[in-house]
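Given only the sequences and the hints, what does the whole structure look like? Please build it.
If you read the sequences in order, they're chains Z and D. Sequential numbering of the first sequence, starting at 1, is according to my numbering. Sequential numbering of the second sequence, starting at 1, is according to my numbering.
Since the hints were derived computationally from the structure, they do not count as laboratory data. Ideal Cβ placement from N, Cα and C applies to all residues, glycine included. Incorrect hints may appear among the rest.
[Unchecked claim] Computed list of lysine-lysine pairs in BS3-like fashion (alpha-carbon distance at most 30 Å, straight line):
id, chain 1, residue 1, chain 2, residue 2
1, D, 299, Z, 114
2, Z, 299, D, 159
3, D, 100, D, 136
[Stated by the list, open to error] Simulated restraints on C-beta separations:
id, chain 1, residue 1, chain 2, residue 2, range
4, D, 197, Z, 265, 17 to 25 Å
5, Z, 205, D, 117, 45 to 53 Å
6, Z, 125, D, 25, 52 to 60 Å
7, Z, 202, D, 76, 46 to 54 Å
There are 2 protein chains.
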Amino acid sequence: MLDVTTLPLPRLTEVGPRDGFQNETAVVPTEAKVEFIDALSGSGVREISAGAFGAQLLGPQLADSTEVFENIRRKEGVQYLALVLDEAGLDAALEAEVDKVEVLCSPSEAYSQKVLDAPIAQTLERLRPIVNRAWKERLPSRAGVAAAFQCPYQGTGVKPEAVVAVVDRLRAMGVAEFSLCDTVGSASPQEVRALLDLLLKRVGPEQVFLHFHDTYGMALANALAAWTEYGVAGFDASCGGVGGCPYAPGVGGNVATEDLAFAFLASGAPMSVDFQKLRLAGKALVPHLGHSLPSHLSKIEFR
Amino acid sequence: MLDVTTLPLPRLTEVGPRDGFQNETAVVPTEAKVEFIDALSGSGVREISAGAFGAQLLGPQLADSTEVFENIRRKEGVQYLALVLDEAGLDAALEAEVDKVEVLCSPSEAYSQKVLDAPIAQTLERLRPIVNRAWKERLPSRAGVAAAFQCPYQGTGVKPEAVVAVVDRLRAMGVAEFSLCDTVGSASPQEVRALLDLLLKRVGPEQVFLHFHDTYGMALANALAAWTEYGVAGFDASCGGVGGCPYAPGVGGNVATEDLAFAFLASGAPMSVDFQKLRLAGKALVPHLGHSLPSHLSKIEFR
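If you want it as structure tokens, here you go:
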């Protein structure tokens, strides 16, 4: 049997307050966001993507990030991240005292054009001043690499070589971490292996985060395969599975933090996560979101 | 990267018409069952558990199995199974010309007492005349081993040694195949490894079927781990995920046939399953079941 004690301890980055809310139709009130983030930091989550800053804002869902950062109770040992969209956004993020800067790009030309409004090369150049200045301010940068497996706008799959090419450019700029997103949610462990085979020749496993969507039900299979076979231990997840799938209304998107934590715990990793607190944090969002949560654990009645 | 061409081709046993319907609240009309089974055999599924026979019937959901078997169109190359509960049930199953006999037991004393109304030893002895006579009639027997990982009625986990002890008794009777059920739906790949490490010392991988519930979202992770790491290629699944979880209303139970087939296909196994036909087969049940299907693929709109 696999000896899991030799594997690195899984590290979960909670993305519900930014990526999750961004993809919800409803606008969650600022106070509820602050309560959600504080509940997350109290549940054992060590890294939380808490907002977004920049002129080209992503929608009304994230317009209150300055207020959110002002009102959360910073917990010792927890890192608070924010997506930064431009240099003005970086000013606001520095003002908000974020712990890490997130930037966005994609190895898919179609995705870059459609979502980021420019060709890949141009979207990457836009990131350079942000990453450079963040570095001078001693803030690490993490790149979200959207559509790293399949692309909702490109007819065919995205090649691992294309992902690695983008990662190489980002590394040269000084980006420290890479979150590879299965935006469509159809990636299989075999596609994960194909990407990691190539990617881990360039970056260490500790620099890699995998951001799986559970749209086709394979998120946990992918995460466990990456962890057990490649020693990749960084994963993005959203409490309750908030966020849905941006390309298919009603369909699950982000894998749920509690589902992923349970999968690791059941696989022998000593996860120090309070499941009851995570469940309550998600449950408190339901009236604001206007729909039930897609996570598996939220549907199970525990005795 | 893993070379999947060295792995045995996955074999799926469709359990919706028996195990699935048995756990639904609604009673599906006979005609709809017949249409469902014929749609399944037309979609590329090669083995279908189509009904149950016996005096102690499992409920009104399966009371019409004789009529179902009389009316389905037998498709060349497809095996039609039925659960047999007693010797009178075997008479009816022989009359119905089933291709394989299913019997039920559990390695959990609490489950055996509660669901099968007797201690383990006694439930196994009840199976002996059924399996013996089926063997004389040249019909293979397959045992469903309920609560093979966790038990909903026993406080703690079910030990792999207890599963193997039951399997040993069944082998001695002449049972050819063993379907190990994660009745609670919380098993992790690590629990699957613990069981298969022990079980495959006694039986060949081709004799093993794994029957996963997706209650905690780990069904596909478990199936892919068993396949890639142990060469176990037999899996039970229900079209649309029909059946739910018998212990938690509204929660997903049986992993969906289409989700499992997609996971194998995306992992490189050449599955000859018609996804569109499977989807339509499940969709036709919705008015009879009175609820939407829990499968992942049934929620995605394909273009």
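**Request:** Against the earlier hints, flag every one the structure doesn't satisfy and list their numbers going up.
**Result:** none
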